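All the letters of the sequence shown, read from the start, carry residue numbers 5 to 210 under the numbering used here.
Hints may be right or wrong, so weigh each one.
Unchecked claim - Label pairs and their calculated CB-CB ranges:
| hint | residue 1 | residue 2 | range |
| --- | --- | --- | --- |
| 1 | 50 | 152 | 15 to 25 Å |
| 2 | 38 | 151 | 25 to 35 Å |
| 3 | 20 | 114 | 34 to 44 Å |
| 4 | 151 | 181 | 19 to 29 Å |
| 5 | 151 | 17 | 49 to 59 Å |
Since the hints were made in silico from the structure, they are not lab data. Owing to the predicted nature of the structure, the values given are computational and were not obtained by experimental measurement. Positions of the beta carbon are idealized from the N, C-alpha and C atoms, including for glycine.
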Amino acid sequence: MSANSSGPNLPSGPAAEVFTAAVADLQAALGNLGPEHFGALQALADDVLAAWSQGGKLLVCGNGGSAADSQHIVAELVGHFLDERPAYGALALNTNSSTVTAVGNDYGFDRIFARQVEGLGNPGDVLLVISTSGNSTNCVEAVEAARAGGLKVHGFLGGTGGRLKDLVDGAMIAPSRHTPRIQEIHITMGHVLCRILEVRREAGKD
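Start from the sequences, fold in the hints, and give me the full structure.
Next up, the structure:
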């Protein structure tokens, strides 16, 4: 089915064209996921499992839709994804509105995540930054704070990977330049990450 066709089972018109184009674009992007994307998830999982084995935690942050992805992934880990098992240590840095607004007011929006990394992160913990552009300044500053604090740092990024690509230990770069597709791939890969972590940890391999 082409992106310019409404398909045999859809009515004609602008809405059907939008639907068909979006589905085709997402299918194309998903089709471009490959070994490098799996490798990035595996490296992230390795670091998170190592942190948990030492009583550490995963910190996650992002803006807008990426903020929603951050708390979604954390909810799957602290609650459960598919299996009934103990809670895992994870925090979304964008969810405490009082902290975010206080830090934003006193230190500037660019510091809202970095300040929390400084206060909550410990050596061996993991920071996952989610940025569709790879250029979010508050994520860059969070990475710098994490580096200074001895944390491992990974990114879910998009496009070319932006500034963050070369600042993190590992990057899962969604193979698209369209923000909606990048976000859809990020949460799909977030679900895959949750399942990898659940299977590996509960199997007692780490």
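Now for the hints, and whether the structure bears them out:
1. 50 - 152: 15 to 25 Å: Holds, since residue 50 and residue 152 (Cβ atoms, about 22 Å apart) stay within the stated range.
2. 38 - 151: 25 to 35 Å: holds (28 Å)
3. 20 - 114: 34 to 44 Å: holds (43 Å)
4. 151 - 181: 19 to 29 Å: holds (28 Å)
5. 151 - 17: 49 to 59 Å: Since residue 151 and residue 17 have Cβ atoms about 52 Å apart, the given range 49 to 59 Å holds.
Checked against the numbered hints above, the structure breaks none of them.
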